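Produce the entire structure from the sequences given, and follow the hints as far as they go.
What follows is the residue order along each chain.
Number of protein chains: 2
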Amino acid sequence: MMRYSKLALVSLAALALACSAYAQDPLPSWNDGPTKQAILEFVKATTTQGGPQFVPPEARIAAFDQDGTLWVEHPMYTQVMYCLERVPDLVKAKPELKGKPPFNTVLELLHGDRAAMEKLNMQDLELIAAATLSGMSVEDFKAEVKKWIAEAKDSRWKRSYLELTYQPMQELLRYLRANGYKTYIVTGGGQDFVRVYAEQTYGIPPEDVVGTAGSTKYGYDKSGKPFLTKEPKLILNDNNAGKPEGIYLMIGRRPYAAFGNSTGDKQMLEYTKTGDGARLAMIVLHDDAEREYAYGPAEGLPDTKVGTFTQALYDEAKKNGWNVISMKNDWKVIFPF
Amino acid sequence: MMRYSKLALVSLAALALACSAYAQDPLPSWNDGPTKQAILEFVKATTTQGGPQFVPPEARIAAFDQDGTLWVEHPMYTQVMYCLERVPDLVKAKPELKGKPPFNTVLELLHGDRAAMEKLNMQDLELIAAATLSGMSVEDFKAEVKKWIAEAKDSRWKRSYLELTYQPMQELLRYLRANGYKTYIVTGGGQDFVRVYAEQTYGIPPEDVVGTAGSTKYGYDKSGKPFLTKEPKLILNDNNAGKPEGIYLMIGRRPYAAFGNSTGDKQMLEYTKTGDGARLAMIVLHDDAEREYAYGPAEGLPDTKVGTFTQALYDEAKKNGWNVISMKNDWKVIFPF
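Protein chains in written order, with the working numbering: chain A, 1 to 337; chain B, 1001 to 1337.
Read the hints as simulated data drawn from the structure, not as lab findings.
Nothing here was measured: the structure is a model prediction, and the numbers come from that model.
Check each hint, because a few of them may be wrong.
[Unchecked claim] Straight line, CA to CA, 30 angstroms or less: simulated DSBU-like cross-link-like pairs of lysine-lysine:
#, chain 1, residue 1, chain 2, residue 2
1, B, K1225, A, K318
2, B, K1182, A, K225
3, A, K230, B, K1273
4, B, K1230, A, K273
[Unchecked claim] What follows is a list of derived Cβ distance ranges for each label pair:
#, chain 1, residue 1, chain 2, residue 2, range
5, B, K1318, A, R174, 43 to 53 angstroms
6, A, E58, B, N1104, 35 to 45 angstroms
7, A, K147, B, N1320, 31 to 41 angstroms
8, B, P1057, A, E151, 27 to 37 angstroms
9, B, P1095, A, T263, 38 to 48 angstroms
10, A, G51, B, K1147, 40 to 50 angstroms
Ideal Cβ placement from N, Cα and C applies to all residues, glycine included.
Now the structure itself:
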């Protein structure tokens, strides 16, 4: 019985701790107001047993866009920076690419004005992405990303990209999980790329990351050991309509809550919000040039190609009962540091 | 304190129950022998904290083929029976198909010798599958499968297909989950089809079912409400090399244990077994004509097109340290009934 008694004490302590944590504000980095209130009410409604909007634990799915929703996406998506910064090594391995566009342009930019990288067009980026994101084993790719992300630094804050996550969203992830929600990332970024750091950064395991995905090819090395090679063939473009399509493919259930920040999240938010019962659709507006960035062009904010939030999307949000999260007004702090 | 005391008592009761359950045989439907021993040793090795083969809980992934591994696949895969039995309704909705092969043949067979359905060739089956598995909303498809599977009966046992699961494998699923393993279905069958009943049948939620998958298309109904339509376009053929490729796409981690029964599982078993540390690869041999079916052609068993287990696969199993599960010798009972 001695062992049981000790365990009972531990259980009691854990319980007491859980109760006291619950009594505290679960979202301390959020300012009081309608946005925070909407989150608290949604969670209460969907977790109150016997209530009209109760959702059984197994159906509690929440989907989060990553770039611009969970972490900084300006001046350029982290994965694009990875692809660009892989170019020197790529050219070393394949010298025939050295003088060829867009690789020559990237090499010049890496030594000069990195902000000018925005000028690379979509076709350039696709070529660079194909060359740096495929053709290697999945293990080699994972090792390369792991190494890069441990060392790479953002140009403005001089900090690891992994630190540039939004503290209020980290609290929201934990709050939803504490209430039985399974939190998924549903990103337009590369599924393989995000899976490398999602567990350490967001507490989200690889199998709960849905993203743009290419095919792999099963084969054998010289010793007969099987391995998978990343191929330059798209299976899922997890943007726009691809987000609900990707959710159906990878999760198979409609989310009860979804969070985004740009036109690429429109269909995911629509799909989530039009389900039965209580549904939460929220969209982050980057309106805080001082603490982070300001871009839209919604509400007269500066236009951008990275994480565009149009006025039409803003109007749809207001019309359909989505909550717009104002970084400036709703968030007490932006970063954990 | 009253509430705490009650809860403490409940905790103690749950703990006592767990301890007593653990003391009992976790696999009572398995005969003692090297196969059962291999399972018990694998679980012990991978869950013993501080042991050389300890696997952290988040990496404990086990992959199960469905047809022929978790439930009966003879004389014909359940999903093929679904497709065939959908043909009368399909022809009612599209009368132009009535006189056309292979639909006319199916209509004749449904009124006559159902065993003769094996004679439909692969091209016939592909046409029937495309016609019965796509072109509808994902909700309509789910409702149709749900209705069919609740009523359909197997021809030999006159029981619901959902009852024809193997009791020893049900115990194995529960045993692995009780030891922190996440159990996935990795099936050559349709992902959407299996997801409809996997939770009630195996305790496996939709998001943990990986299978052959087609694309969907996002659109809006007349009222502007979004919905997804199933399209006749393959995204993932989750057979053979497609199994490890599908595991990488949908889970993103290599399993520590995998279970199959046919040539379609070969690559999944290879991929699993060649990972570092303790890995368990097991393959069910249907060698029990009396209690279930006998087919191979491995070990001189009758040849079959449904769930083929070749001698080459048997030899690979022996060479690479996979365990062959003999239904006849390793399983005390086959079905829960």
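May I ask which of the numbered hints given earlier this structure violates, with the numbers listed in increasing order? 10
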